[in-house]
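In order, the protein sequences belong to chains U and F.
Going by this note's numbering, 118 is the number at position 118 of the first sequence; the sequence numbering is gapless.
Going by this note's numbering, 107 is the number at position 107 of the second sequence; the sequence numbering is gapless.
Among the clues, some could well be false.
[To be verified] Partner residues aside, some chain U positions facing chain F, computed with beta carbon under 7 Å:
(1) Y14
(2) Y15
(3) N19
(4) E23
(5) E36
(6) F39
(7) P44
(8) E47
(9) N70
(10) N72
(11) R75
(12) A103
(13) E115
[To be verified] In silico DSS-like cross-links for lysine-lysine, where the CA-CA straight-line distance does not exceed 30 Å:
(14) F/K81 with F/K4
(15) U/K65 with F/K147
(16) F/K149 with U/K86
(17) F/K4 with F/K171
(18) F/K80 with F/K32
(19) F/K101 with U/K65
(20) U/K7 with U/K40
(21) F/K81 with F/K123
(22) U/K40 with F/K4
(23) F/K123 with U/K93
(24) U/K50 with F/K123
(25) F/K149 with F/K32
(26) U/K51 with F/K123
(27) U/K7 with U/K56
(28) U/K65 with F/K32
(29) F/K147 with U/K7
(30) F/K149 with U/K40
(31) F/K123 with U/K92
(32) F/K4 with F/K32
(33) U/K40 with F/K123
(34) F/K36 with U/K65
(35) U/K40 with F/K81
(36) U/K65 with F/K16
(37) F/K16 with U/K54
(38) F/K80 with U/K85
Simulated from the structure, these hints should not be mistaken for lab results.
Every residue, glycine too, gets a C-beta built ideally from N, C-alpha and C.
The primary structure of each chain is shown beneath.
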Amino acid sequence: MENIIIKEVQDAPYYPVVNFNAEKGVCEISGESYMEETFKFYSPLLEWVKKFLKEKDSPLTLNFKLTYFNTNSSRLILDMLDIVKKNIEEGKKVVVNWFYDPADPDMIDEVEDFEMETGLDINLVEMQKN
Amino acid sequence: MVFKEGYDPENVVAYKGPLTVGLLSYLGNYLKSVIKAEHSLEKKIFRIFIELTQNVSYYSAETATIDNGVSSGVGWFTVKKSNNHFVITTGNLIIKSDGLKLINNCDEINSMNEAALRDLKRKTRSQAMERDVGAHIGLIQTSLLSKSKLNYKVTGLDDKYSYFTISVDIKD
Numbered sequence: 001m002e003n004i005i006i007k008e009v010q011d012a013p014y015y016p017v018v019n020f021n022a023e024k025g026v027c028e029i030s031g032e033s034y035m036e037e038t039f040k041f042y043s044p045l046l047e048w049v050k051k052f053l054k055e056k057d058s059p060l061t062l063n064f065k066l067t068y069f070n071t072n073s074s075r076l077i078l079d080m081l082d083i084v085k086k087n088i089e090e091g092k093k094v095v096v097n098w099f100y101d102p103a104d105p106d107m108i109d110e111v112e113d114f115e116m117e118t119g120l121d122i123n124l125v126e127m128q129k130n
Numbered sequence: 001m002v003f004k005e006g007y008d009p010e011n012v013v014a015y016k017g018p019l020t021v022g023l024l025s026y027l028g029n030y031l032k033s034v035i036k037a038e039h040s041l042e043k044k045i046f047r048i049f050i051e052l053t054q055n056v057s058y059y060s061a062e063t064a065t066i067d068n069g070v071s072s073g074v075g076w077f078t079v080k081k082s083n084n085h086f087v088i089t090t091g092n093l094i095i096k097s098d099g100l101k102l103i104n105n106c107d108e109i110n111s112m113n114e115a116a117l118r119d120l121k122r123k124t125r126s127q128a129m130e131r132d133v134g135a136h137i138g139l140i141q142t143s144l145l146s147k148s149k150l151n152y153k154v155t156g157l158d159d160k161y162s163y164f165t166i167s168v169d170i171k172d
């Protein structure tokens, strides 16, 4: 299974940085997400998660390190979390971590909303300042 | 709520034209660098700015195709600072028949408390289409983040079009 790596695009900070690694079983999305064609950007990421959970028995960790996402992006993030929830119910091992800035209470509300919508446990992890 | 020609000393940023994501990102980041507010307020202003301006970009009835062939909504926005609060206002053309739905959505949002709004946001999001979530959820999010009422106006122009302006107050 191929990895997905999307590096930081200069002058286009509306695309997040993506690193989905099949060997390690770790998916990481960081930065900001408010691109125009949200569905086009997220579709391959959703397919990757589905494929990993279908083909592999090893556990998967999702690390969200997004500092901003628009409501369009949040719809697709919700889809990803729904896929995870469904697979956990079928016995797969998936951990979802959300790295947050403690000085950003609005982001904590967003994570709570995702938890309520999906019924998934999301670990809130305080982001380390560089 | 109109886009005034000429210099307004309260304007931090004002723009009229096609709203591409590149322009919004550039000016949104410029805003972050000049408003010099508290960290959480700075984030809030940026997030509300993107939600409101992307609603114009996605749903304005007037569009323009720029150099790279991408079509973008046309409209305007202003970000004003007076004393300790910021006001973000946008304006764009809408199809007349969409006006009533927009009015109902804004009135519903303005009648709700925070808990009811979060509930509405979750419901609206889970029912939204993946490819196009619609303007409604952006307005709910704007109200939730600003903790203030949506100050909006729909003005009929002719048989086909109306004009939609919306303004929110963001305090520290």
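- Message: Flag every earlier hint the structure violates by its number, smallest first.
- Response: Hints 2, 3, 4, 7, 8, 13, 16, 19, 21, 22, 29, 30, 35, 36, 37 and 38 are the ones this structure does not satisfy, whereas the remaining hints hold.
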